[in-house]
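**Student:** Let the sequences and hints guide you as you build the complete structure.
So the chains spell out like this:
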Amino acid sequence: MNGDVVTLAMGGGGKETNELIETIFKKHFENPDLTADDAAVLDFPPGKLAFTTDGFIVSPVDFPGGNIGKISVCGTVNDLACMGAVPLYLSCAFVIEEGFPVAKLDEIASAMEKTAAEAGVRIVAGDTKVAGKGQVDGVFITTTGIGRVMDGVHTAGSSAEPGDAVIVTGDIGRHGCAILLARNNFDITAERLTSDCAPLAHTVQDVLAATKNVHVIRDATRGGVGTVLYEIAHQSNVGIVLEQKNIPVNGEVKGVCGMLGLEPLYLACEGRMVIFAPEPEAPAILEVLRRGKYSEKAAVIGKVISDYAGRVIVNTEIGSQTMLPQPGGELLPRIC
Amino acid sequence: MADCVKDGAAAAAEKILKSYSGRPLRIMEVCGTHTHEIFRLGIRNILPENIRLISGPGCPVCVTPTGFIDEAVMLALDHGCTIATFGDLVRVPGTEMSLAGARSKGAHIEVVYSPLDSVVYAGTHPGEQVVFLSVGFETTTPAACISVRQAKQKGLGNYSLLTANKTMDNAYAALKDSADAFLYPGHVSVITGTKIYERLRDEGVSGVVTGFTAGEILAALAVVVTEIQKGGPFFRNCYPRVVTDEGNVNALKLMKDTMIPVDAEWRGIGTIPQSGLTLNDSYAAFDARKKYALPKITGKPDPACRCGDVLRGECSPDGCACFGTACTPEHPVGACMVSGEGACAAYYKYGPGLALSADKENMNI
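So the sequences go chain by chain: P and B.
For the first sequence, numbering that gives the first Met the number 0 assigns the number 0 to the initial residue and increments by one for each residue that follows.
For the second sequence, numbering that gives the first Met the number 0 assigns the number 0 to the initial residue and increments by one for each residue that follows.
Some clues are possibly wrong.
To be verified - Result set (BS3-like, lysine-lysine): computed pairs, CA atoms no more than 27 Å apart in a straight line: (1) B:K14 - P:K244; (2) P:K103 - P:K25; (3) P:K253 - B:K255; (4) P:K128 - P:K25; (5) P:K296 - P:K253; (6) P:K244 - B:K153; (7) P:K292 - P:K132; (8) B:K289 - B:K151; (9) B:K153 - B:K14; (10) P:K244 - B:K299; (11) P:K113 - P:K26; (12) P:K132 - P:K14.
As the list claims (entries may be wrong) - With the Cβ distance kept under 10 Å, some of the chain P side facing chain B (calculated, not the full set): (13) F50; (14) N184; (15) D186; (16) L259; (17) G260; (18) E262; (19) V313.
In case anyone wonders, no lab produced these hints; they're calculated from the structure.
All residues carry an ideal CB built from backbone N, CA and C; glycine is no exception.
**Tutor:** Shown next, in the form of structure tokens:
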């Protein structure tokens with residue numbers, strides 16, 4: 000079957016559907032909670048639950064550092080982590096274009112298996128539909144996740160306070176940049192540049208184990224860190240001041256942005272959190288992050304002030320102050 | 000960020016600028032990328048009040064007249080041509096509609112990164128008539144010239160250029176009363192060389208060529224201020240690591256062998272004699288105006304838009320009644336609001352400047 004392509008019959012619910020499920024999805028997702036029944040029946044620990052869903056339509060489906068399967072698990076796991084939740088269960092729904100290679104589907108499911116295992120989450124429900132040629136582009140995946148919110152954690156976009164430090168968990172803009180180059184429209188190559196796509200469940204759990212005094216955690220996906228900062232500035236009605244020289248940007252990303260006139264703060268990330276916590280907590284948070292697998296380059300990039308509510312100010316490299324341009328205009332289509 | 004560290008030169012330059020106490024100065028940055036960097040770096044915010052930076056006409060999209068967009072729309076809708084263009088031009092308003100508007104009426108618009116991509120497109124789509132919208136200064140024009148040469152070599156009968164290429168030298172002379180000195184464009188000067196600036200100096204026009212880092216821009220401004228205090232017209236090359244006297248000889252020859260100078264209309268400024276380039280007789284078959292026998296079109300820009308005054312430095316973007324209300328980057332009325340390099344778009348994005356509060360201490364991190 001692995002040499003084959005997906006056919007409309009595989010979405011028909013009959014023998015071919017079962018074969019696809021057995022050879023691809025069951026093989027990779029197998030766990031005691033995933034059954035052949037109509038719904039998963041699950042145990043939940045007591046306490047508050049976090050619940051989220053996200054659709055993924057990445058083009059191209061493969062990119063340096065990941066594929067649509069990996070990103071579909073990371074995206075939902077990271078959304079749960081933002082609320083201080085330990086991810087427990089995921090569902091996934093596939094819409095596959097007729098003619099899509101089965102071997103490619105196997106790679107995607109394999110990436111989901113690996114990423115879910117790393118994040119400590121089980122895939123317990125799924126659905127497969129096949130659409131006619133041209134009705135979808137390759138494969139679209141929707142994942143839904145449930146997690147258990149850690150006791151004593153209260154994060155929200157409206158909770159940033161003057162005096163908070165603004166921390167990013169790593170260098171910014173790599174996913175957006177990697178996708179841009181993978182599309183090959185610009186004849187630019189950056190061989191060492193990979194997407195930052197990563198599951199951050201443990202990263203966040205480690206931070207919250209060190210301190211629960213964290214006001215906001217948000218993953219910077221579409222729109223990048225700059226968009227997150229404006230969202231928080233509005234939701235919390237505060238100003239944010241960034242220190243340009245402290246913003247970690249990798250050399251390749253800087254080079255590509257220079258050539259194409261892009262601002263790294265507005266390039267997508269898929270494995271970066273923006274954390275707001277009272278300044279005295281920042282050293283402990285940074286110490287934990289810098290020991291982490293996906294957050295070695297974590298840095299304090301700015302702070303929250305009461306002035307300039309709703310605005311993001313940049314202390315530039317020459318010591319002047321300027322406003323970070325408001326997010327808007329065309330974002331790259333179909334990056335996550 | 001090696002070039003972003005506040006090095007000794009930048010600090011010294013800043014000191015010279017801040018201590019300037021002479022007559023009010025108007026310095027025009029000609030290049031759109033300079034405009035963008037000056038905003039991004041917050042340079043206006045550290046200059047004293049008597050040094051004013053004016054954004055000049057160096058964004059090729061911004062100076063492209065309304066009539067050019069009308070011609071492109073006509074080629075797309077009436078002649079069924081595929082329009083290959085830089086993305087910025089798609090949203091520039093024409094008299095009746097932009098190319099985006101034409102697209103919604105069925106026009107085929109292909110956004111390309113380089114004119115060379117549009118020749119490749121023409122080669123792989125022989126059933127379509129492809130017209131590349133050839134705007135730009137000396138930096139972009141050589142690539143457009145190469146594209147028609149490639150098309151001629153390959154015998155492509157389905158490729159042509161709609162030219163609105165411009166050269167800077169006559170524009171400086173036309174704008175000389177708008178500013179005390181020019182920051183000449185770095186990239187254009189790589190091609191043109193600096194001899195034209197020496198000629199302009201001899202005609203009484205002052206300026207310096209500079210690069211794009213914080214240190215380079217600040218140093219160039221400090222040189223302008225110092226030279227003006229000495230008196231007399233001047234020229235200095237503050238970007239010698241890439242700008243030479245002769246310029247790029249090959250690129251200049253390529254343009255000379257492919258195009259000829261013509262009078263050109265600049266949006267808001269009017270016609271500047273011999274400031275445009277169009278294809279010469281050897282490449283007449285690739286000139287869309289000739290190929291499709293386009294009538295002479297005079298575009299009618301929105302009368303409320305003050306892009307022209309902005310380009311001449313006579314009005315700051317927020318002095319226009321449309322700015323930020325009728326005219327935004329999402330719904331531009333004038334071209335200066337469209338391109339990322341346009342003065343209005345930069346003002347809109349970065350704000351007119353921060354009135355820093357007493358809380359400044361608190362903003363140090």
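**Student:** Could you run down the list of hints and mark each one as holding or not?
**Tutor:** For each hint, the structure was consulted:
With a C-alpha separation of about 21 Å, the suggested pairing of K14 (chain B) with K244 (chain P) holds against the 27 Å cut-off. Between K103 (chain P) and K25 (chain P) the alpha-carbon distance is near 16 Å, which keeps this suggested pair within the 27 Å criterion. Straight-line distance between C-alpha atoms of K253 (chain P) and K255 (chain B) comes to about 36 Å, which puts the hinted pair past the 27 Å bound. The suggested pairing of K128 (chain P) with K25 (chain P) holds, with an alpha-carbon distance near 16 Å, which does not exceed 27 Å.
With a CA separation close to 16 Å, the supplied pair K296 (chain P) and K253 (chain P) stays within the 27 Å bound. Taken as a hint, the K244 (chain P) and K153 (chain B) pair is broken in the structure, with Cα atoms around 50 Å apart against an allowance of 27 Å. The straight-line distance between the Cα atoms of K292 (chain P) and K132 (chain P) is roughly 40 Å, outside the 27 Å bound, and the hint therefore fails. Proximity of K289 (chain B) to K151 (chain B) is assessed by CA-CA distance (about 16 Å); at most 27 Å being required, the pair is judged to hold.
Distance restraint check for K153 (chain B) and K14 (chain B): the Cα-Cα separation of roughly 57 Å exceeds the 27 Å cut-off, and the hinted pair is therefore not satisfied. Restraint check for K244 (chain P) and K299 (chain B): the C-alpha separation of about 46 Å exceeds 27 Å, so the hint is violated. Between K113 (chain P) and K26 (chain P) the alpha-carbon distance is near 12 Å, which keeps this suggested pair within the 27 Å criterion. Only pairs whose Cα atoms come within 27 Å are accepted, and K132 (chain P) paired with K14 (chain P) is accepted, the gap being roughly 21 Å.
Annotation: F50 (chain P) was flagged as interfacial toward chain B, and the flag is violated, the nearest CB pair being 34 Å apart, outside 10 Å. The criterion of a C-beta within 10 Å of any C-beta in chain B is met by N184 (chain P), whose closest approach is roughly 7 Å, and the hint holds. At about 8 Å, the closest approach between the beta carbon of D186 (chain P) and any beta carbon in chain B falls short of 10 Å, and the interface hint on this residue holds. Contact between L259 (chain P) and chain B, as hinted, is supported at the beta carbon level, the nearest pair being about 9 Å apart and thus within 10 Å.
At a threshold of 10 Å, the smallest CB-CB gap from G260 (chain P) to chain B is about 6 Å, leaving the interface hint in force. A distance limit of 10 Å between C-beta atoms decides the matter here; for E262 (chain P) the minimum to chain B is near 8 Å, and the interface restraint holds. A least Cβ separation of about 7 Å between V313 (chain P) and chain B falls short of the 10 Å threshold, and the interface hint therefore holds.
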